[in-house]
Amino acid sequence: MTTEFKSISLSGRKKDVSNKDMTFMEKLYLPAIAKGMGITLRHFFKPKVTIQYPEVKREFSPVYRGRHILMRDENGAERCTACGLCALSCPAEAITMTSGERKKGEENLYREEKYASTYEINMLRCIFCGLCEEACPKEAIFLTQDMPPADYQREGFIYGKEKLVMKNEQ
Amino acid sequence: MPKVTIDGVTVEVEPGTTILNAARKIGGDLVPPAMCYYSKLQGSGGKCRVCLVEISKGSDANPNPMPKLQASCCTPIMDGMEVKNMTSPKVQDMRKGVVEFLLMNHPLDCPICDQAGECDLQNLGYNYGVEGTRYKEERRTFDKIDIGDKIQLHMTRCILCYRCTYVADQLTPKRVHGIMNRGDAAEISTYIQNAVDNEMSGNMIDVCPVGALTDKTFRFKSRVWFLKPFDAHRDCKTCCGKTTVWSFGNEIYRVTARKDVYHEVESDANGKPEFICNECRFEKKSMNDWTIEGPRKMEGWSVINQGKYMKNTSRVEIDGDVRLLTGRVEDRKKISMNGTNTKEQVLSDGK
Numbered sequence: 000m001t002t003e004f005k006s007i008s009l010s011g012r013k014k015d016v017s018n019k020d021m022t023f024m025e026k027l028y029l030p031a032i033a034k035g036m037g038i039t040l041r042h043f044f045k046p047k048v049t050i051q052y053p054e055v056k057r058e059f060s061p062v063y064r065g066r067h068i069l070m071r072d073e074n075g076a077e078r079c080t081a082c083g084l085c086a087l088s089c090p091a092e093a094i095t096m097t098s099g100e101r102k103k104g105e106e107n108l109y110r111e112e113k114y115a116s117t118y119e120i121n122m123l124r125c126i127f128c129g130l131c132e133e134a135c136p137k138e139a140i141f142l143t144q145d146m147p148p149a150d151y152q153r154e155g156f157i158y159g160k161e162k163l164v165m166k167n168e169q
Numbered sequence: 000m001p002k003v004t005i006d007g008v009t010v011e012v013e014p015g016t017t018i019l020n021a022a023r024k025i026g027g028d029l030v031p032p033a034m035c036y037y038s039k040l041q042g043s044g045g046k047c048r049v050c051l052v053e054i055s056k057g058s059d060a061n062p063n064p065m066p067k068l069q070a071s072c073c074t075p076i077m078d079g080m081e082v083k084n085m086t087s088p089k090v091q092d093m094r095k096g097v098v099e100f101l102l103m104n105h106p107l108d109c110p111i112c113d114q115a116g117e118c119d120l121q122n123l124g125y126n127y128g129v130e131g132t133r134y135k136e137e138r139r140t141f142d143k144i145d146i147g148d149k150i151q152l153h154m155t156r157c158i159l160c161y162r163c164t165y166v167a168d169q170l171t172p173k174r175v176h177g178i179m180n181r182g183d184a185a186e187i188s189t190y191i192q193n194a195v196d197n198e199m200s201g202n203m204i205d206v207c208p209v210g211a212l213t214d215k216t217f218r219f220k221s222r223v224w225f226l227k228p229f230d231a232h233r234d235c236k237t238c239c240g241k242t243t244v245w246s247f248g249n250e251i252y253r254v255t256a257r258k259d260v261y262h263e264v265e266s267d268a269n270g271k272p273e274f275i276c277n278e279c280r281f282e283k284k285s286m287n288d289w290t291i292e293g294p295r296k297m298e299g300w301s302v303i304n305q306g307k308y309m310k311n312t313s314r315v316e317i318d319g320d321v322r323l324l325t326g327r328v329e330d331r332k333k334i335s336m337n338g339t340n341t342k343e344q345v346l347s348d349g350k
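Taken in sequence, the protein lines are chains V and C. Counting in numbering that gives the first Met the number 0, the first sequence runs without a single skipped number right up to 169 at its last residue. Counting in numbering that gives the first Met the number 0, the second sequence runs without a single skipped number right up to 350 at its last residue.
Extracted from the complex, chain V is given alone in its bound form:
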């Protein structure tokens, strides 16, 4: 028993394949090659869409959110007090921290009596939403215009304080 299939095109773009013989001109292939080379040649003179990335960088939008930075105040002391609001607001749960108590003589290092002794952001989890920046009551964490660089190891994406805290200008 044979079943008759009707050729239905649901998308409207279906083409029937035929096995008809090629003409002499088509057998030469030369016009088709010339046509193809013409397309290639035309693209030489079109404006290029790619850039030479590490040397040339694209201009980011002013609201671009890249890797984080933990700010220091005007005296060079860390602003973060490890209040945990960034970790609470983080939808990806990328931020962890432990807090420490400032000792006598460390007043130039930390702005308040409590500070973050460790502060880690998992850049693989981070979705760069900027909620940590919004939650911070001390204006300590900001998202910069930089992209986090690539790495070969997963460990390299867990950013500790040495990568996050703003470099001291001295």
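To be clear, the hints were calculated from the coordinates, so they are not data collected in a lab. On a predicted model such as this, the values are computed, not experimentally measured, just so you know. Glycine included, C-beta positions come from ideal geometry on N, C-alpha and C. Treat the hints with caution; some may be incorrect.
Calculated Cβ distances over 12 Å to all of chain C for the following chain V residues [as the list claims (entries may be wrong)]: (1) Leu9; (2) Ser17; (3) Asp20; (4) Leu27; (5) Leu40; (6) His42; (7) Gln51; (8) Pro53; (9) Val62; (10) Leu69; (11) Met70; (12) Ala76; (13) Glu119; (14) Pro136; (15) Leu142; (16) Glu154.
BS3-like, lysine-lysine: derived pairs with alpha carbons at most 30 Å apart [said to hold, decoys possible]: (17) C:Lys143 with C:Lys89; (18) V:Lys102 with C:Lys95; (19) V:Lys162 with C:Lys220; (20) V:Lys162 with V:Lys103; (21) C:Lys95 with C:Lys135; (22) V:Lys103 with C:Lys143; (23) V:Lys102 with C:Lys215; (24) V:Lys137 with V:Lys166.
Since the structure of chain V is provided, determine the placement of chain C on it from the hints.
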């Protein structure tokens, strides 16, 4: 028994009950907040002025309204009294002012305060307060004091509610701390840097509505909203041994008494408040010391419950099953199901 109407809800209470306790008997939103009143401590109340309410009808015998707002924690009810709390704009306006007064000398160091997240003043400020401050003068400051090796006193955060002195008077045989000086210079202190080393003294941490008295063993360890509260108990000779342990993973960060909706220590079946001793609070920080009963159910509006599912699901009706089986009529016609099937037919076929 005398009847009192609070925000339109009538309740019958014992003669001599205060308005605040009558409101707590009703429960819900109409309960006035209280910073200094603590039902388990005798004589507390009447200091913070947060619980002031409008009495629009004094009693059945004398139906005149009271001319001024009254402190609900120390005003006994009269038969037929009508009280307005949340429905009175006067009270709401007053409370906003009181919060501003309480916050006047407060350092607002919530990001480093260990009480943040379960602080009565924080909740109050959030509910009634204004965002900015109008206070331009210098705030009074004090140095931190260690009273004993386990309790730290931050006098700058104190709102002078006197609860901790009542704990010392009523739970411990001898009081070694109290209020020094007067007026603006008043401060909680021990006499000549004395240590508070009574075995029940740790309860002053629990009764403190703000972060003035904090646990030194928990100082800066974590934030309360990162910890998981569990009800736990152990055999203790000096106290009831029923506590809430706050843990992160398998580590117990701190131990507190069990607190109810009003952040007061819960009472046992006989009505005795379950204050806990210092050994339970400060020294038993291992999971092996405790028998865990289950997760502690926190009240709905606490910041500790942020991001946790607290909704009561018993009333939610799920009609997804019905819709899934029947679907929209036009869809059923498209997929050449019997377009005339009703919900009832589909459901009975499924059974």
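- Claimed clearance of chain C by leucine 9 of chain V, with the beta carbon kept past 12 Å: The assertion about leucine 9 of chain V holds, with a minimum of 15 Å to chain C.
- Is lysine 102 of chain V close enough to lysine 215 of chain C, meaning Cα to Cα at most 30 Å? Measuring from Cα to Cα gives roughly 15 Å; hence the hint holds.
- Item | Non-interface claim for proline 53 of chain V, where every Cβ of chain C lies beyond 12 Å | Given a closest Cβ separation of 40 Å, the condition holds.
- Item | Assertion that glutamate 154 of chain V lies outside the chain C interface [Cβ separation over 12 Å] | At about 21 Å from chain C, glutamate 154 of chain V clears the 12 Å cut-off, so the statement holds.
- Query: Would the pair lysine 162 of chain V and lysine 220 of chain C pass a check requiring their Cα atoms to be no farther apart than 30 Å?
  - Reply: Within the cut-off at roughly 24 Å; holds.
- Item | glutamine 51 of chain V remote from chain C - nearest C-beta pair above 12 Å | 45 Å, holds
- Regarding the pair lysine 162 of chain V and lysine 103 of chain V, is the alpha-carbon distance no greater than 30 Å? Holds. Lysine 162 of chain V to lysine 103 of chain V sits at ~26 Å (cutoff 30 Å).
- Message: Confirm or reject: leucine 142 of chain V is not an interface residue toward chain C, with every Cβ-Cβ distance exceeding 12 Å.
- Response: 20 Å, holds
- Was serine 17 of chain V rightly flagged as not at the interface, with every chain C Cβ beyond 12 Å? Its Cβ never comes within 12 Å of chain C, the nearest being 35 Å, so this holds.
- Beyond 12 Å from every Cβ of chain C: is that where the Cβ of leucine 69 of chain V lies? For leucine 69 of chain V, whose nearest Cβ neighbour in chain C is about 14 Å away, the distance exceeds 12 Å, so it holds.
- Task: Would you assess whether methionine 70 of chain V, listed as outside the interface, keeps its beta-carbon beyond 12 Å of every beta-carbon in chain C?
- Result: About 15 Å separates methionine 70 of chain V from the closest Cβ of chain C, which puts it past 12 Å; holds.
- Message: Between the alpha carbons of lysine 103 of chain V and lysine 143 of chain C, is the straight-line distance 30 Å or under?
- Response: 14 Å, holds
Comparing the model with each numbered hint stated earlier shows that hints 14, 17 and 18 do not hold.
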